[in-house]
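Peer 1: Here's the letter readout for the chains.
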Amino acid sequence: MAVLHVSDLRKTFTRGFLRRRTEALRGITLTVERGEIFGFLGPNGAGKTTTIKILMGLIFPSGGKAEVLGLRAGDPAAKARVGYLPENPYFYDYLSVRELLDMVGRLHGLPAATRRRRGDALVERVGLSHAADRPLRSFSKGMLQRAGLAQALIGEPELVVLDEPMSGLDPVGRKEVRDLVLELREQGTTVFFCTHILADASALCDRVGILVRGRLRDVGSQAELLDPRLLGVDVVWQAPADAVDGLRRFEGQHREAAEGHLLSVADLDQADAFVRALLQAGGRLLQLQPHRQSLEALLMSEVERPDDDPGGEGPPGGAADGREARR
Amino acid sequence: MSGRSDEAGRVRSAMGPRVWAVALNTFREAVRNRVLYVLALFAVGLMAFSVVLGELSMHEEIRVIKDLGLFGISFVGVVIALFLGVNLLSKELDRKTVYFVIPKPLRRFEFLLGKYLGQVLTLTVLVTLMAAILAIFVLVQGGSHGVVMVRAEVLVLVELCLLTAVAMLFSSFSSPYLSAMFTGALWVIGRNRAELLAFATGKKLGGTPLGTVLEACADVVPDFHALYVSGSQLPGGDTVVSVHESFVSWGYVAEASLYGLLYAAACLVGAMVLFARRDLV
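Line order of the protein sequences matches chains A and B.
Here the first sequence is numbered in the working numbering, starting from 123 and rising by one per residue.
Here the second sequence is numbered in the working numbering, starting from 14 and rising by one per residue.
Simulated from the structure, these hints should not be mistaken for lab results.
Ideal Cβ placement from N, Cα and C applies to all residues, glycine included.
Please note that the accuracy of each hint is not assured.
Part of the chain B face toward chain A, derived, beta carbon under 7 Å [to be verified]:
1) 45
2) 109
3) 110
List time: in silico SDA-like cross-link candidates among lysine to any residue, alpha-carbon distance up to 25 Å [stated by the list, open to error]:
4) 109(B) with 123(B)
5) 109(B) with 305(A)
6) 109(B) with 255(A)
So that you can see chain A by itself, here it is in the shape it has in the complex (with noise of 0.2 Å):
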């Protein structure tokens, strides 16, 4: 069942006393099936953020449809199934994160246990239970995005919208918003969130679209989207210091790395062969590594490919989905 279902969305913004529009969207047609976690991806103004202010009921789309759980978005009843973490999320900040908690339960309509129980439960699993009777004001950026996720999910949502949900946090605080969002999987919840963190996306996303310039290039899953061919391989050696510049003198790019020597070679063939050599004088092999298609590397042919350019080489297996996306 899809848990959320746009079709030819569009959005124009008209700016200024000489009333400039600005196309935000351009007809982009997305679903996203309960109990996937869906990364949208894109550069800065693509459109990411539009698309989920329309989907959260906060601005109205120009035109096409936007459903949210089989209701139109922005449906009160559609938003009590739904929790979301803005971007860069501002809160009263006179308000401390158990006071938050509460006030969201409210909208809830939680009653006054259970919104001390939930609240208590996700300040700890936030990791916040040392700050949740200070004032918001005095939280870090990355404090404050932890007490957005908590606000989030005091509802219990279905599906969990989380705009850029790991800016400003440290590797630490990333790491745990990624366990989140698997445990969130685990228990069943949709997970639809934007990135600029590719390796967030690659780590968690079931499917990802990606969306340049107000239309959507992509979506699939990285199996379907990723080119599978190998782009090269790299291999970190060591070797005794009279076998190095026979070593040297193999097939392929030679430079030096910080724990030894690299060589890139252009296939796996070419990397057996050098790897047989180095044992046999005497090397050690450090690490190999075969380089395929990632996702900033599509993200990027995207954002090259010009607007009218139906989609080049495109990756195996794309097959239209939407107006322009290739799955």
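Based on the hints, put chain B in the right spot on chain A.
Peer 2: Structure of chain B alone, referenced to chain A:
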């Protein structure tokens, strides 16, 4: 399907608690931002002025304290209502707190209503405490506050509720500066509505197109004068009403309050209609 309708039913039935949550938060914000500190300022100002003017007024201390106190409650209340009223919405937008509140299971009109009721609660507490301070001053000077003063203070509170609603209407579509200017101008015109009407129907302008326009304006602007009557002559009456001699009856207070609250409700509905379709970018 039944799950969906249950959820919709729960959202419909829980409107009261949601509005209360927003109202409580608005009141809490005013208290934590030390709005109620003006009470101390009011008390000190009243004390200083009453001592000075009491000395100058030759045994009319009670009269002076009552007049000054009532003016002070109204003046401080108007400044606070105007300042908080125009910022009720714009602060939410400027500080981007609206981005986290509106996506909650809350209709936009419920949010506006909650903000308004929170401000009314703040003003009620403020006026009640200022009236209590005034009553203590009067008592210390050997007088009594009396029910007449209560009637005047109720009218002041209604005036502040109306002013807040007007400020909210303007701030639903314009910046806080413009909203403050529009609301302030409307308050000045509304307080002097009788003079405007007399001018529009007087010898010079009566019957002229400009007179007709001014008369229409006087009919439309909120009649703040009807809510601050002490020391003035009411239309149709030939005596000056005052909290010292003959003041308006509870019947007048009820009628004027009904007018003020209905006008405020109309402003709120206008604000809700404008806010309902506004893009919160």
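Peer 1: Take the hints in turn and mark each one as holding or not.
Peer 2: Cross-check of the supplied hints:
1. For residue 45(B), the shortest C-beta to C-beta distance to chain A is roughly 4 Å, which falls under 7 Å, so the interface hint holds.
2. Satisfaction of the interface hint for residue 109(B) is found here, the shortest Cβ-Cβ separation to chain A being roughly 4 Å, below the 7 Å cut-off.
3. For the restraint placing residue 110(B) at the interface with chain A, the shortest Cβ-Cβ distance is roughly 5 Å, inside the 7 Å limit, so the hint holds.
4. With a C-alpha separation of about 18 Å, the suggested pairing of residue 109(B) with residue 123(B) holds against the 25 Å cut-off.
5. Of the supplied pair hints, the one linking residue 109(B) and residue 305(A) is violated, its CA atoms being roughly 29 Å apart against a limit of 25 Å.
6. Between residue 109(B) and residue 255(A) the alpha-carbon distance is near 22 Å, which keeps this suggested pair within the 25 Å criterion.
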